[in-house]
Every structure is written in structure tokens, then in C-alpha cells.
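Knowing the structure of chain A, use the given hints to seat chain B on it.
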Amino acid sequence: MSEKADVWQGTLSLMVLKTIETMGPLHGYGIARRIEQISGNQLCVNYGTLYPALLKLEQEGSIESEWGVSENNRKAKYYRLTRAGRKQLEKEARDWAQTTAIVSRFLGASEDLA
Amino acid sequence: MAGLLPSKVREQALADEIESHIQLHIDDNVRAGMTPEEARREAILKLGGIEHVKEAYRDRNTIPVLEHLTHDIRYAIRQLRKNRGFACVAMLVLALGFCASVSIFAFVDAALIKPLPYTNPNQLVAVAERTSIFLRGPLSYPDYLDWKALNKVLGSLEVYTRTGFLLSTQAGAISVQATRVSDGFFRTLGVRPVLGRDFYKGEGLSGTARPVLMSYATWQKRYGGKKTVIGQGVSLSGIPFTVIGVLPREFEFAPGDRAEFWTTLDTSSSCATRRSCHNLDGIARLKDDISVRTAAAGMISIAKQLEKQYPDSNRGQGASVVPLSDVITGDIRPILLVLLGGAGLLLLIACSNVASLLLVRAEARTREVAVRRSLGASHARLISQFFIEGAVLVLAGAVLGLASAHWAIQLLTKLVPEDLMARTPFLLSLGLNVRVLAFAGTIAFFAAVLFSLTPAMHFSRAEMRKGLAEGSWGSSGNAWRRLGSKLVVLELATAMVLLAGAGLLAQSLYRLLRVELGFQPDHLATLVVAAPDITYGKDEAAAALGRQIVRRAASLPGVKSAGIASQLPVSFNGNTDWIRFVGKPYNGEHNEVNQREVSSGYFRTIGAKLLRGRYFAVAEDASKPRVVIINQALAKKYFPGEDPIGKQFGDSNLSPSSIRQIIGVMDDIKEGSLDSDIWPAEYLPFNQSPDTYFSVVVRTSQAPDSVLPALSAAVHRIDSNVGTIDEATMAERINGSPSAWLHRSSAWLVGGFAGLALVLSTIGLYGVVAYSVSKRTREIGMRIALGAEQSAIYRLILKEAAWLTLAGVAIGVVSSVPVTTFMRNLLFGVQLWDTATLLTVAAVLGVSALLASYIPARRAASVNPLEALRAE
Chain A
0 MSEKADVWQG TLSLMVLKTI ETMGPLHGYG IARRIEQISG NQLCVNYGTL YPALLKLEQE
60 GSIESEWGVS ENNRKAKYYR LTRAGRKQLE KEARDWAQTT AIVSRFLGAS EDLA
Chain B
0 MAGLLPSKVR EQALADEIES HIQLHIDDNV RAGMTPEEAR REAILKLGGI EHVKEAYRDR
60 NTIPVLEHLT HDIRYAIRQL RKNRGFACVA MLVLALGFCA SVSIFAFVDA ALIKPLPYTN
120 PNQLVAVAER TSIFLRGPLS YPDYLDWKAL NKVLGSLEVY TRTGFLLSTQ AGAISVQATR
180 VSDGFFRTLG VRPVLGRDFY KGEGLSGTAR PVLMSYATWQ KRYGGKKTVI GQGVSLSGIP
240 FTVIGVLPRE FEFAPGDRAE FWTTLDTSSS CATRRSCHNL DGIARLKDDI SVRTAAAGMI
300 SIAKQLEKQY PDSNRGQGAS VVPLSDVITG DIRPILLVLL GGAGLLLLIA CSNVASLLLV
360 RAEARTREVA VRRSLGASHA RLISQFFIEG AVLVLAGAVL GLASAHWAIQ LLTKLVPEDL
420 MARTPFLLSL GLNVRVLAFA GTIAFFAAVL FSLTPAMHFS RAEMRKGLAE GSWGSSGNAW
480 RRLGSKLVVL ELATAMVLLA GAGLLAQSLY RLLRVELGFQ PDHLATLVVA APDITYGKDE
540 AAAALGRQIV RRAASLPGVK SAGIASQLPV SFNGNTDWIR FVGKPYNGEH NEVNQREVSS
600 GYFRTIGAKL LRGRYFAVAE DASKPRVVII NQALAKKYFP GEDPIGKQFG DSNLSPSSIR
660 QIIGVMDDIK EGSLDSDIWP AEYLPFNQSP DTYFSVVVRT SQAPDSVLPA LSAAVHRIDS
720 NVGTIDEATM AERINGSPSA WLHRSSAWLV GGFAGLALVL STIGLYGVVA YSVSKRTREI
780 GMRIALGAEQ SAIYRLILKE AAWLTLAGVA IGVVSSVPVT TFMRNLLFGV QLWDTATLLT
840 VAAVLGVSAL LASYIPARRA ASVNPLEALR AE
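Heads up: the protein sequence lines correspond to chains A and B, in order. Throughout the first sequence, residue numbering follows numbering that gives the first Met the number 0, covering 0 to 113 in sequence. Throughout the second sequence, residue numbering follows numbering that gives the first Met the number 0, covering 0 to 871 in sequence.
Don't read these hints as lab results, they were simulated from the structure. Please note that a few of the clues may not be correct.
No more than 20 Å apart at the CA atoms, straight line, and that leaves these computed lysine to aspartate or glutamate pairs for EDC-like [as the list claims (entries may be wrong)]:
1) K45/B <-> E35/A
2) K413/B <-> D256/B
3) K55/A <-> D256/B
4) K74/A <-> E10/B
Bound-form chain A, shown alone (with noise of 0.2 Å):
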């Protein structure tokens, strides 16, 4: 376990709201799953940390939730992205692409200047 890598502080909320569009409504065991297979199993998402943060997205408006039956005929609570959520997942993803073009940016100028 302890090779595995922890959900980077803040990166958590997009991962889900990533999650929930691709995945469409989803439950919150089901997106932690989600986020464990497609990281490859290299992430290992706290399941604990996960409710405090579709709370957060549930209150900023992100998302909201409805319960329903799971497949297995389990009453789950579904979480759905909102017009607003798509909004800010694409705000997210783009800092995020900014953000990690920046960093690979500074990682190769230093390896020429060594």
C-alpha cells in the first residue's frame, strides 16, 4: 500500500468530476472504484475523504445527488454533474493542463542548464 501514491491535495475534486462525466451518475463507492482502476490501481483514494468532498462539490453546485438502486439491488445515493459542474470541470482540467505544462516545461529547462 505504502507504494502507492495519495490523492494529491485538490486534485480529489476534479478526479470526481471527471468520474461522474464520463461515468455518468454514479454512486460514491462507485467512484472511488473508478478512480483506483483508472489510475491502474496506483492511486489509492481514502474512501474516508471522499464524502467530505462530494459534500464540498454538492454545496458549491457542482453536483447533486438523488438515491436509486445500484445493479445489485443496493439503495445507493447517485451523485450527477450539473450544468455548473461541467463548467467547472473544464475550468479545472484546463488549470490542470496549464498547470502540469508548466511544471514538465520547468523539469526539462533544468535538465538542459545541468
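Relative to the frame of chain A, chain B by itself:
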């Protein structure tokens, strides 16, 4: 949104969601081949503990600030509950400070802040004539007419004069207060009758129709509040009047005293025809954009013009225009401000006391705070917590203080004598209104800030780390001692100022009540007689009534002698006469002297001292040569180095009928209020110039109040239509006189504040010294173990206390001088720098301070070295 849902619903939803999460996880795990138990364990493990998640979720779910706030408030209350002693003392001390300052402020508000209850009160001014001895004297009717016609600065100028009427009731004639006003008086104030109408313009001048308005209280009390009263006739002193209106319930006009009836001026009286007869007080409404100063200048120039035109009567008669509020509340302004200052200082002491208590607590909590910080509490969070603790404390103190202020206000209002209350009707609306509450709120806010800053300052970051590192009483105690001792010095200095003020006021009161009166005030019973002019308007009739009353009164059991006077002593300087001496050069200036008409036995009855000459004879009436007795002040001023006996004086024109011969010189009698100066005075025989309104005074061999009922019964037996008012003993009159009352109440209140200040500041000093002893227990134990004498330990502790006390007293003495300067107006017969008073109060403060520090010093000296060293 989710955050707004009731918490139970939210909790349930969260529990459901987590349950569902775990179920889904278990399903997966089971599918992957785990046993159900293993599956469940792993699911919960992965989730990170159900309660933990719920906690994290809740944190996110509520607005954090609010959450912290309720948490901090609960924590603060728990802390205060845990330290009940501390909390009680702090709250009581705060409540005390609040109660004092809020109740005094309520008086200040009612008297000085709340605007007068008239339309645009800022435009209203009081207009008066000004002479060398009267800063504000009444106008004469002819002067009033000229001032009204000539001025260009006043929108309206109206006058009023107090008078009295006899109202016949079933119980006989009773004397009622009334005010005569010019027709536009109420229009100028902006007051309209609640029933009926106001005076018409020019109404009452003809002298045939006599309209009268009555106060709301009179309407209710005497006419049962019936609307049919309008148009009814009412007989006042036997003269028929017609009721035209009723004034509003809330109408008040302090200078009008307790007037029940308001009628028009009596322009047919002889006084109204003479420019030298001053009996009218003026009020006016300024024209728009005219300042009081401009108005005053305008009136002064008119007065100058009249002075040239009528030099006989108007020489030296200037003009005065001041805001009406100055006249109405001017008298009590200085005393109220001094009291407010005193209450403020007491509040300051109370706050410093609580602040130092909080410091001690902060000191005791160094470790707790250090732990909390190291566990991640932010500095801001800690400060907010201190603020909340302070705020909770202040809130409790404020609520307690306001409740007691409410009670104190009622008590203080009850202590105001009825007479004084009638002259200060604005005090009737006293209470905890919005302004007073805002004042309390402001104090509370600053107190809360102060109380959160002191401990917060104490916990600077550096010290916090130290607190944790040392893990015990650290050197931070020194910081506390520095700040704490400064607070104590401040408290002691403030207490010193209050004590000095109280000492000076007490001295003033002492001297005021022992001021030389010029007569023996004990065993004197007095009352005022008002006889109807219809029966007694003729001089002979009035003189006969006076003689008859004296005779009847003197023969009452327990009465030794009786006399009458137009005005009793210790009332006011005024009712003056302008005199001119026969055979002395006269430059036209007015020689203004008090004029009193007294019966032959009056001086002997009141126990005044005849210095030269003789008293009036009983037979000295209008048929005999006109005589006069003067006081020593008149003799000294106008007959320096001469014998005045046998000299003559008369009015300004020396008209033959006014010339009188001086037959005696009295030692000065205090005619004015206790704190006033002696004016030259002339005493005329009542028999030679009688009046229908006069005072009766009798000397008794028993308690004087016991003869009062018999005295007024004796007057009524002569004629039931003669009214009697103000039955009182001379001692009651003097003690209840406004100057005595004001001096007494200020001395007692400031004295009370000073006493509380003394107690609070000595407690503060005790706290500092006791705390310092507790901190030095180890050091003291060491000293004793090394052979220090007990006396050395006493010296060690007492020296510290003595330094603090000395500093406090010294600062207090220095600052008391400028502070007491501001109550100069309230002092009587004492200097601001009264060494004896200052030394006495310094000694009182010093001794109580040393007594307070003796207790901890003794504790220090009896420290058991073994235990002390083992401690900690």
C-alpha cells in the same frame, strides 16, 4: 441545501449513505471471494472508520466559523462554570461598573442629550435682561413690548411669569401654581392644546375676557377628564376665568414649575406700567439662519438704545440670549457631568480589576494554551476564543448591570425631592431607552475587546513556546507581573482621584451645611400664606390679616413666638429694590438690594442678631414715619466708616413717599441659597408695605413639625378662603433646598463611587501581591531555609506593595488636580488643592492598601521551607 436541513435528517442521510457504501463494498469483496466477515472488516478499514468519516463530513457540513463560535461559547461557559469563584467576582465587579455608569448616563441622557419636547428645540432661546448682579434677570413689560417690536432676529418673543391662585374646593381654598404667559407662548414652543384651543392673538389684553388653559393632570384630577370643561367658568382667587383648553399630557415646561393653570398676562397691574418692575421671563424662537450669538448682539443693541431713551429705569439693563436648554437643564449639568465622570472612573477600575483577574487566569492557563497551539490551534482561533470568553463574561456582567441599573434608576429618581422633580420634569421620562442601551452596548464592546486583548497579548508566540518547553510556571510570570502591576497602579491612581473628588465634595457639603446663616434654624416651623386679593387687596386688610395670624400663631401651645416675612431666608437672592441715599452723591447707577417685608417679631423669632439700633415696633404701621432696617452688608457697602442709624434712603428719584429712615442694622442673614453670597438687604415693616402672599415662621419649644398642622389650622380658622402652602420646618427647608440637595447627592454618590473604587483597587492590589507571593513560594522557602528572618520576608513583600501603592497614590494626586478642576462649580468653601483632604484620602488609600497586602505577606512569612522547596 444540505447545510440547511435539520441536523437529524442530515445525520440519517449520511448514515444511510455510508451504510450503502459499505454494503456495496462488501458485495464486491464477497464476489472477490472473501467471507462476509472479512469483507465487512476490510470495507470498514478501507473507509477509515465510520465515526471518523462522519466527523470529517460534519466539519464540512456546517459553516466552520459558526461551528467554532458555538463551540467556543460552550467552552467559555464551561470554563467559567469550572472557575465559579473567578466568574462570580468578575461578573459582579463588571455589573457594578455597568450599573453605576449606565444609571448615571440615563440621567445625563434625560437631562442633557434628549432634546427638549418642543418643535425644533434648537431654535428656542431664553431671553432676559442682564445687570451687574443678575446674569439673567426678568424683563419689565414695557421693555418686553419694545424688545418685541424692535428686534429683527427673533421670529417670536414671548414672556411668562409664575403666579399662584386660590382655587375654592370643597375642602376650602387651596393654593395652586399658575403661569401667566403672553398669547403666542404655546405657538412659539410648538405645543397645541389636546382639547379646546390656544389663546388668540391679543386675547386677554382687554381685561374683560379671562381665558385659561389647564394642565392635563389638573384636568384629570380636578375635572375628572370631562370634555365639557371647555367653556366652563372657573373662579381663581375669586376672579372668574373661562376654560378654553387642556394642554397635552406630555407637555412640560420646567421653569413654569408645577403650573396647573395657564392664563394671559395681567397688563392692568401697576407693575406692567413700570419699566423698573421686572417680573417677566422671555422665551423666543430664532429666525431661520440666525445664531444665538447674532440674536444676543441684536438684543444687546436694543437694550443700549433703551438705556439712552430711559436712563432712569434702564441704566445698566443689558440683554442676554442663551439656548433655552441652558436655562432648563443648566443647573444640573455640572453635577451630572461630574457624576458621569465618577461613574466612568469606577467603570475603569472595575474593568482593570477584571482584566487583571483574567491575566491571572491566563497565566494559569499558559500550559493549556501551549498544548492547544502545539496541537494545531491557530493564533487567530485562540484569540477568537479569548474574545468569546471575554464577551461571555461581559455579556453576563452587562445583563446583571443593566438589571441593577434599572433598579438603581428607580431608586435614584425616588430620592429626588418632589420640589426638585417639579423643576426637572425631563427626569420623569428617565429609563433604559435606546440611547442608554447603545451606551451600555458600546461599553460592553470595548470591555470585551479589552478582556480579550489582555490575555491575547500575554500569549505572544514566543512565550507560548516557552510555556510548553518549561512545562510549568515559567518566566512568563514576569510579564504578567509587569502588566498586572501596571493595571494595579492604574486602579490605585483612579481610586485616588475618586477619593480626592469625594473628599472635596464631602468637605463642601460639610461647610455648606455649617455655613453662617445669621439666624437659628432649629425649632422653626414655617408655612406660606396666600390670601385672595379680592378680600385682602387693600393694604390695611392685608396688614390686619398679618397681625391676626401672628397673634393666633404665637398663642398656639408649644409656640414661643411668631413672625412673618415676605420671603423666608435660605431661598433666593432677588425681589430687589433700587435705592438712592439722601444726602449722598448719586451717579444714576442702580444700587440694587434685596428687599424683604417683615413683622416686628420676625427677627427675634428666627434668632437673628441685631447689631445696632432697634427692631420695628408693633405699632409701626402706615400711620407712622417710614422706617427700615438694613443688613451689615448694606451698611458696609454704602456707609463705610459711618453710623447708618438715622440716615435715609428712597427710590432712584427720591420720591418723598419712598424715603425711609434707617433704625437698625442686622447681622447678615442668608437670604439666598446656602452657597450664595450675602447681598445688601433692606427690611421694611410688613405693616407699612403688606402683601397678600407671605411666609409665617414660628419658634417652638417642642419638635417644630408637631405644630405645623395646628399652624395651618389656625390660619384657616381666621378665614377658610386663605390658602396655606409648603408647610415645613426650617431645617427641612434648608436640607431640602436645591443647593443642599445637589451638594448632598453629589457628595454621597461620588463618595459611594470612591468607596467602591477603594475596595476594588485594594482587592486588585491584594490580587497582585498574593499572586506574586504564590509565584515566589519557592524563592521565599529558599530564603527562609537559608536563615532569612520573618521580618525580612514581610519587608520583601510589603516593599513591593508599598511601591505600587506609592506609585498609584502619586499619579492619583497629580492627576486629581486637573480632574477635580472640572468640578470646581460644585465646590463650596474648599480649594481644589485642599492639602488636608488630599493627605487624608491618600492616607486612607495607603493604609487600606498596606492592610490588603499584609495578608499575603503574612502567608509568605509563614511559608514552610520544606514544603515550599518540595513544591513543583
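Q | Broken hints, by number | A | 3
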